[in-house]
Structures are given as C-alpha cells and as structure tokens.
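Please construct the entire structure, taking both the sequences and the accompanying hints into account.
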Amino acid sequence: MNLHEYQAKQVLKSFGVAIQEGIVAENPNQAHAAAIKLKDQFGSDFVVVKAQIHAGGRGKGTIMGKEQRGVAVAKNADKAKEIASNILGGTLVTIQTGPKGKLVSKVLIAQDVYYPGSSQTKEFYMSVMLDRTVSKNVIIYSTEGGMDIEHVAETTPHLIHKEHVDPRVGLQAFQARKIAFNLGLSGEAHKQMVKFVQALYKAYESTDSAMFEINPVLKTSDDKIIAVDAKVSLDDNGLVRHPDYAALRDTSEEDPTEVEAGEHNLNYVKLDGNVGCMVNGAGLAMATMDIIKLSGGEPANFLDVGGGANATTVEAGFRIILKDPNVKAILINIFGGIVRCDRVAQGVVDAYNNIGNIPVPIIVRLQGTNAAEAKKLIDESGLKVYSAIQLKEAAELVRKVLG
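As numbered in this note's numbering, residues 935 to 1337 make up the sequence shown, in order.
Among the hints, a few may not be true.
[Claimed, not checked] Calculated pairs, SDA-like style, for lysine to any residue (alpha carbon to alpha carbon, straight line, at most 25 angstroms):
| id | residue 1 | residue 2 |
| --- | --- | --- |
| 1 | Lys1112 | Ala1144 |
| 2 | Lys1158 | Val1103 |
| 3 | Lys994 | Lys1165 |
| 4 | Lys1158 | His1095 |
| 5 | Lys1125 | Lys1136 |
| 6 | Lys1136 | Val1103 |
Bear in mind the hints are in silico, worked out from the structure with no lab data behind them.
Since this is a predicted model, take the numbers as computed values, not measurements.
So, in structure tokens, the structure goes:
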C-alpha cells in the first residue's frame, strides 16, 4: 500500500526522522492559510506547493492543458494560492503516470528549507528495502540526490552505495557512521546524518514497510539533515498489525478493478494482453501466463482466486476480467488439491448462467481431485465453454479460439 508524501512524512516524523514540515490543503483558500501559518512558524515567505499523487516525477510533470508543474515554489501566500488553484482538480501527467495522468485532489504546502547560509546545501538519495538475493534489508544511498536514481545507476554506478543489515543484530552504529562518511559529511552534519539513518531504519522496520525512498535527503546550510520528499510503500500483509496505517489507504489512487478484486479477496493485477486468466495459486498463475504466451496470446491479467475457489469467487473473477475490453478469451486453470474440480466446474457453469451472455470463449483446464467428473460436467453444460485436462490441451484451445 502506497502513501502520499504528506502521510509518509508524518509516519517518519513519528519515529524521530527530521522532515520538511508542511500542511495539506484541499482548496486554494486552505493553501493560502497554510502558507501564512508556515511563515509565522519558520519566518520565510517562500513555500513549496506539491501535488499529492501516488507517482514520482511530479516536479517535472505538468497539469494537463496547463504549463503548471506538479511541484512549484511560491514566493508568498498569494502565489501559493494561485499555484494551488492551477494544480487542484487538474490531471498531473508525469513519467510514471503515463499519458492519462492522475487527478490531483490535495496539495502539500511545505516549508522553505533551501534558506541562505554560510555553508552550501547538499542533496542525497537514500532508500531502505529488502534485498531478496541475500535475505537482508539494505540501505541504498548516493551523493546524487534529487536525480532519477535509475539514471545514476546506469551512468555512474560507482556513486551508489549499499549497506546490508544483518537481521540477527539489526542496524549497527558503525554502519550509520559509515554511511555518513561515504556521503562526505563531517562535523555536525555527520552527526545529524547518523541520527537520521538510525531513525529511518527504525521507522522502516517498525512499520512493516516494503520500501522507504527519500529523495532528496537534504543537508541544509546550517547542517541539519531532513527528508524533503518521502515515498513509503507498506507491506499489505503487515497492515493487520497497523490498522492506523491501513486507514491511510487512498483507493482513488488505485486501479478500480484491483480495488474491487480486493473486496472479494482476489489477488488481481491488470496487464495489457488479450487473454484473461483465472487461477488458484501464484505459481500456477505464472505458468498459465507462460502457456498463454506460448499459444500466441498475451495475458490480460494475473488473477489468483486462492485455494478455496467456489461459485462466488469464480463469478466475481469473471465480472472483473470482463471489464477489460481487450480480453478476447478467458483461460481458467485450476488445480484441485484443497478444492474439488467438479465443484469448481459447477461454479463456472453457475457463474456463466448468472452473468448471462459472456461475449468471449472460455477455456477451463481442471486437474486434480474429480478432474474427469469436472470435464464431463463442463462438456455437457451446453455452454460456450471448452474443457481441458492437460496444459497442452489448454494451450491448443487458446490458440484455436484466438484464430
């Protein structure tokens, strides 16, 4: 589950991570009031207006039909109000949203942290995530903050550092000092970076997160270390332990079909192909998508109905898949271990009858307990459903129906 920047920063702040303070606004008047409040609090007329969407590249992105950037500096409260009015209700198109963009319903009015001083400011990159290749969390960091980290990795990979954390002992103080040293910091800035790294890692572990990305981490002119931006992705499987974080979910930022699938306890991810697939088990789903590719088609989705597939879940899966106009056929691939194949077959027939006219051919491959009975039930249903037992048969049927 992804968080908005303002939500992510509040999570970080609760664990002692220093952040760029800000106030959320949902209309231009609130933006104006927020800018005035920040001036009273920090003494600067300047604020930053940031569109709040679940996508990166906001600073380079533009509001559709306007020249307004998704992140802009305002020199006073009146300008903040003007920028907010240009952003709110508009569609922000960035490199990550694609051409359709995303509707902006909130902006973050953030404090000015690039204030003048005797020392230079410096931007860094830092993220925390799981490195599955070594089964350890890893802190990835670079002196090249504020830039596209993928571009940095491609052009100057020697500027990206990694610090793996042994799960048996956790992050050690010497590792935090090593990170600060590799970033070229000394004195007070070094001390503050050590605190920042330790607090950031504690926040990551304590929230059951999948990823923290802070870009940039800023060394201010007076040697403070703060998170100017924050991207936080929480592990959905850990939300049961964090109901307060689960309440932060913004379903308007998610694919409506995936949201509906979640309501039926279905694991669904939309893809760009022409063959919908409904499977029980993630491994079988991956194999099914391979079969579709080998048959000359392209998978339109990943849909795992789980081990307890029944008529209700099958019908919900049908309805979700059929919302995709690109789907030209549906392949149902069920292994009957926990669930009996004949029950799934009856569920397919019942769902077909309940939905009514299904405009695309359906291939059903059932293997396992009572597979023969299931095939007979499908074959004798009189519906436009093709049955198979072997994967090879299912592949041939997919090729046949696609022409």
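Broken hints, by number: The structure breaks only hint 2.
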